[in-house]
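Please model the complete structure; the sequences and the hints are all you need to start from.
Chain order of the listed sequences is A, B, C and D. With numbering that gives the first Met the number 0, letter number 80 in the first sequence gets 79, and the count goes up by one each step, no holes. With numbering that gives the first Met the number 0, letter number 35 in the second sequence gets 34, and the count goes up by one each step, no holes. With numbering that gives the first Met the number 0, letter number 127 in the third sequence gets 126, and the count goes up by one each step, no holes. With numbering that gives the first Met the number 0, letter number 72 in the fourth sequence gets 71, and the count goes up by one each step, no holes.
Warning: the hint list may mix true and false statements.
For identical chains, the list gives no copy identity; a pair is met inside one copy or between any two copies.
[As the list claims (entries may be wrong)] Taking lysine-lysine and the DSS-like style, the derived pairs with C-alpha atoms no more than 25 Å apart in a straight line are:
(1) K75 <-> K125
(2) K130 <-> K83
(3) K119 <-> K75
(4) K68 <-> K88
(5) K130 <-> K115
(6) K83 <-> K65
(7) K75 <-> K130
(8) K115 <-> K68
(9) K65 <-> K115
(10) K125 <-> K115
(11) K68 <-> K119
(12) K130 <-> K68
(13) K119 <-> K65
(14) K88 <-> K75
Everything labelled a hint here was simulated from the structure, so no lab data went into it. Note that the structure is a prediction, hence the values are computed from the model and not measured.
4 protein chains.
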Amino acid sequence: MIVEEEFCFDEMVRIYDTDAQGIVHYAGYYRFFTDALEQFSYERAGRLFPAINDNIWFVVVESNAKYYKSAREGDKIRVGLAPKLISEKAIRFDFSIIRDGDLLCEGYITQVAIDKNEWKSVPIPKDLISKLIHKKS
Amino acid sequence: MIVEEEFCFDEMVRIYDTDAQGIVHYAGYYRFFTDALEQFSYERAGRLFPAINDNIWFVVVESNAKYYKSAREGDKIRVGLAPKLISEKAIRFDFSIIRDGDLLCEGYITQVAIDKNEWKSVPIPKDLISKLIHKKS
Amino acid sequence: MIVEEEFCFDEMVRIYDTDAQGIVHYAGYYRFFTDALEQFSYERAGRLFPAINDNIWFVVVESNAKYYKSAREGDKIRVGLAPKLISEKAIRFDFSIIRDGDLLCEGYITQVAIDKNEWKSVPIPKDLISKLIHKKS
Amino acid sequence: MIVEEEFCFDEMVRIYDTDAQGIVHYAGYYRFFTDALEQFSYERAGRLFPAINDNIWFVVVESNAKYYKSAREGDKIRVGLAPKLISEKAIRFDFSIIRDGDLLCEGYITQVAIDKNEWKSVPIPKDLISKLIHKKS
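Given below as structure tokens:
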């Protein structure tokens with residue numbers, strides 16, 4: 000199932016994303032997820048994850064990726080992102096990576112809000128939720 | 000649940016594993032998983048994943064990590080690994096990362112054997128299975 | 000001396016470029032150099048370094064960076080690139096990284112053309128030189 | 000000229016050090032330099048670079064590498080390190096990477112001591128110099 004994307008980020012696979020198998024190293028796809036997430040938070044909330052404001056940081060509590068087809072250097076890929084509020088403190092971001100209509104990879108990153116000084120989880124501020132997660136009408 | 004480890008690999012967290020949050024970047028834990036897997040395959044089968052012999056390569060079809068506590072530069076960590084044959088063509092490697100008795104991270108990487116020339120999945124050779132996966136008596 | 004740039008590439012510093020010092024890890028600046036070089040070769044020659052065509056690859060024989068000021072996550076940087084033919088087989092690419100008019104970093108990467116099958120250095124094809132290196136009038 | 004090494008660090012090239020050319024990515028050699036430097040400072044001074052104590056951090060002001068031969072996944076390499084005090088505030092670390100007696104790569108990293116709170120360069124404490132740099136008799 001391709002994620003019902005709310006946001007897209009285009010990029011090109013770089014030589015440093017690949018390994019000696021000639022394809023993107025499995026952990027390299029998380030770079031694409033991160034790029035899409037940072038651009039999303041920058042456009043929606045004016046700041047990049049994980050330091051979303053002066054008090055609140057996000058920390059990753061889970062990451063997952065399933066790999067269907069291989070990407071190679073020079074490939075133009077589109078990373079789709081869909082945020083889901085899964086508790087008052089946590090957001091799961093679902094990702095898909097598409098190349099020319101082919102689904103290459105799907106996955107997610109779950110992030111929990113913390114008070115960066117206490118390093119304890121806190122509820123995500125309501126105004127931040129409203130910026131990051133648009134209700135569907 | 001901490002994996003019932005068959006193999007352990009010790010290492011030290013490096014500055015390049017961390018990011019500006021002061022802790023290991025979430026995707027950096029996959030480096031520790033990979034190090035343990037490569038050392039495991041080197042000791043058991045004489046070759047490193049993913050190019051396990053001249054015909055057979057392994058490709059990653061899924062990766063997952065759950066993060067419980069943060070690691071920092073200089074931390075001495077122990078990576079536990081337990082392989083499980085999940086089909087005639089696929090092995091799942093379960094990982095745990097421990098620091099001073101604390102479980103920091105758990106996850107897995109699922110690898111499928113391919114014929115590297117055809118780039119098609121193939122059954123894992125029996126002699127390789129017997130080297131990598133020891134039956135418990 | 001800021002390089003007399005022939006080509007510019009804009010990007011944003013990502014969380015994975017940084018380390019626990021809060022700034023971009025020293026080796027991370029080479030990612031920015033590589034991004035600029037790949038985009039340059041893509042626009043000028045239709046293919047990305049280092050596999051510039053089906054026979055010719057480039058291999059790096061030297062890399063260098065001097066760091067003047069630190070970059071941080073979210074910084075918008077401009078990478079300038081200037082190619083110089085230094086022998087019939089080698090090109091040196093000079094780079095500068097600017098943020099809001101401040102020079103953060105300068106460096107270079109020297110690349111030598113090889114026949115990818117023989118893995119031996121070869122003269123750079125003239126048509127490739129003419130695409131990559133524009134004479135100043 | 001191979002560096003007159005004071006310290007050696009052995010490691011194995013990993014799959015994530017390589018790129019689609021089948022060899023170690025040029026920027027990947029800096030990981031080997033960093034590993035040797037961290038182990039050196041850990042053994043000599045009890046702490047890892049760059050946060051050498053609670054007040055003093057080191058920041059990299061220059062990095063350089065020359066590449067003579069290529070390393071591949073599974074290669075066992077030896078990284079030699081020789082520190083040189085080049086001013087009261089700066090140390091240059093020279094590195095060499097050897098595989099089976101062949102010199103693969105040489106380079107250096109120049110580090111300057113800073114007060115981490117002021118983020119200004121400071122003289123390196125004498126006791127730290129005496130730990131890191133042994134006079135030759």
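Have a look at K88 and K75 and pick one of within, between, both or neither, based on CA distance no larger than 25 Å. Neither, since 34 Å and 30 Å both go past 25 Å.
When Cα atoms must be at most 25 Å apart, do K130 and K83 count as within-copy, between-copy, both, or neither? within (13 Å within a copy, 43 Å between copies)
At most 25 Å between alpha carbons: which applies to K119 and K65, within, between, both or neither? between (30 Å within a copy, 17 Å between copies)
Between copies, within a copy, both or neither: which fits K83 and K65 at Cα up to 25 Å? both (19 Å within a copy, 18 Å between copies)
Intra- versus inter-copy proximity for K125 and K75 (alpha-carbon distance at most 25 Å): neither (36 Å within a copy, 28 Å between copies)
Within a copy, between copies, both or neither: where do K125 and K115 come within 25 Å Cα-Cα? within (18 Å within a copy, 36 Å between copies)
Reference check for the pair K75 and K130, CA-CA at most 25 Å: within, between, both, or neither? between (29 Å within a copy, 22 Å between copies)
Quick one: K68 to K119, C-alpha cut-off 25 Å, is that within a copy, between copies, both, or neither? For K68 and K119, the Cα distance is within 25 Å only across copies (12 Å; inside one copy 39 Å).
Is it within, between, both or neither when you check K130 against K68 at 25 Å Cα-Cα? neither (33 Å within a copy, 29 Å between copies)
When no copy is specified for K68 and K88, does a C-alpha distance of 25 Å or less occur within a copy, between copies, both, or neither? between (34 Å within a copy, 17 Å between copies)
Measure nothing new, just compare the shortest in-copy and cross-copy C-alpha distances for K65 and K115 to 25 Å and report within, between, both or neither. between (31 Å within a copy, 20 Å between copies)
Identical-chain pair category, K115 with K68, by Cα at 25 Å: Between copies, since 15 Å is at most 25 Å while 38 Å is not.
Checked against the numbered hints above, the structure violates hints 1, 12 and 14; every other hint is satisfied.
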